[in-house]
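Peer 1: Heads up: the sequence shown at position 8 corresponds to 8 in UniProt numbering, and the numbers run straight through without jumps.
I should point out that these hints are in silico values taken from the structure, not numbers from a laboratory. Where a beta carbon is used, it is the ideal one built from N, C-alpha and C, also for glycine. One or more of the hints may lead you astray.
[Stated by the list, open to error] Derived Cβ-Cβ restraints for the label pairs, each shown as a range:
#1 128 / 34: 28 to 36 Å
#2 29 / 115: 35 to 43 Å
#3 159 / 202: 25 to 33 Å
#4 197 / 29: 46 to 54 Å
#5 45 / 130: 37 to 45 Å
#6 203 / 61: 38 to 46 Å
#7 41 / 115: 50 to 58 Å
#8 146 / 234: 14 to 22 Å
#9 123 / 29: 43 to 51 Å
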Amino acid sequence: MLQSTFLFLPGIGESTERLWWEDGIGTWDTFLEKPIAPRISPFRKAQYDEDILEAQKQWKAQNSRFFTRILKARDHWRLYPNFRSQAAFLDIETNGIPLPDGEITVVGIFGKGRMTTLIQGENLTGERLQAEFASYDLLVTFFGSGFDLPFLKAKYPDLRLDHPHIDLCFAARRLGLKGGLKAIETEIGCYRPTLLEGLTGWDAVRLWGEWQLGQSYSRDVLIQYNEADCKNLKPLADLIYSRLVQRHGLPEKIASL
Numbered sequence: 001m002l003q004s005t006f007l008f009l010p011g012i013g014e015s016t017e018r019l020w021w022e023d024g025i026g027t028w029d030t031f032l033e034k035p036i037a038p039r040i041s042p043f044r045k046a047q048y049d050e051d052i053l054e055a056q057k058q059w060k061a062q063n064s065r066f067f068t069r070i071l072k073a074r075d076h077w078r079l080y081p082n083f084r085s086q087a088a089f090l091d092i093e094t095n096g097i098p099l100p101d102g103e104i105t106v107v108g109i110f111g112k113g114r115m116t117t118l119i120q121g122e123n124l125t126g127e128r129l130q131a132e133f134a135s136y137d138l139l140v141t142f143f144g145s146g147f148d149l150p151f152l153k154a155k156y157p158d159l160r161l162d163h164p165h166i167d168l169c170f171a172a173r174r175l176g177l178k179g180g181l182k183a184i185e186t187e188i189g190c191y192r193p194t195l196l197e198g199l200t201g202w203d204a205v206r207l208w209g210e211w212q213l214g215q216s217y218s219r220d221v222l223i224q225y226n227e228a229d230c231k232n233l234k235p236l237a238d239l240i241y242s243r244l245v246q247r248h249g250l251p252e253k254i255a256s257l
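Sequences and hints are given; from them, build the entire structure.
Peer 2: Dropping the structure here:
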């Protein structure tokens, strides 16, 4: 999909991009092979050739951060198949108090086939967070742009988060999927273990409080709850990507690139 994206070219919107697809210009390589393209002058075509050559260079180097700079946030979903294997599915828990006084209690990161859980007072530090995030090329969250990332940046000001970021909350809304993560999970048939059914973010706050009072069982449930939040983002991202591709009317051979 990334190699069929032209929205990073100055002045190119979705209507022109779709026109090019329909005209047989379905990939960067095809664009470069063509001497002309609809709606642009030969001079602009030469400029775009240079932009695309640079994008190809960065893609081959697997430099996902380059695309953070040239693509709008709403279009970062197009990077998903290219960087899925290097994606961090992220979710945090807090003590329920909003910024600036609120605190992060748990940070969960699922990626590369493993789950990492960082806990306040145990192993949650700025240095550890930076080391974890540095090993990933893409962030996937649910409402992370409004909650998780602002919290992380406020509590760890030196933390570098320059990854492309797919916020599934807003991507889901574009598809008519509304409500929180749990509601959407139910709608698409993604279920949680019986122990976690019905639990919400406020239960995570309660579980943290109980744990601080010495209830070790609450610690175990909180960690499992956060892990489910992280792991369920992956099938949701797969589904949302597939539906967004369909919504944009991409030819199948283009969508798989």
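Peer 1: Does the hinted range 25 to 33 Å hold for residue 159 and residue 202 at CB?
Peer 2: 26 Å, holds
Peer 1: Can you tell me whether the CB distance of residue 146 to residue 234 sits inside 14 to 22 Å?
Peer 2: Given about 21 Å between the Cβ atoms, the range holds.
Peer 1: Would you say the C-beta atoms of residue 197 and residue 29 sit inside 46 to 54 Å of each other?
Peer 2: Given range 46 to 54 Å: holds, Cβ gap about 49 Å.
Peer 1: Within 38 to 46 Å or not, the Cβ separation of residue 203 and residue 61?
Peer 2: At roughly 43 Å between Cβ atoms, residue 61 and residue 203 fall inside 38 to 46 Å, so the hint holds.
Peer 1: For residue 128 and residue 34, compare the CB-CB distance with the range 28 to 36 Å and indicate the outcome.
Peer 2: 49 Å, violated
Peer 1: Taking 35 to 43 Å as the stated bounds, is the beta-carbon spacing between residue 29 and residue 115 within them?
Peer 2: 38 Å, holds
Peer 1: Is it true that residue 45 and residue 130 lie within 37 to 45 Å of each other by Cβ?
Peer 2: Hint holds: Cβ distance 42 Å, inside 37 to 45 Å.
Peer 1: For the range 43 to 51 Å, tell me whether the beta carbons of residue 123 and residue 29 fit it or not.
Peer 2: Roughly 46 Å apart at Cβ, these two residues keep to the hinted range, so it holds.
Peer 1: Evaluate the given range 50 to 58 Å for the C-beta pair formed by residue 41 and residue 115.
Peer 2: 52 Å, holds
Consistency with the previously given hints fails for number 1 only.
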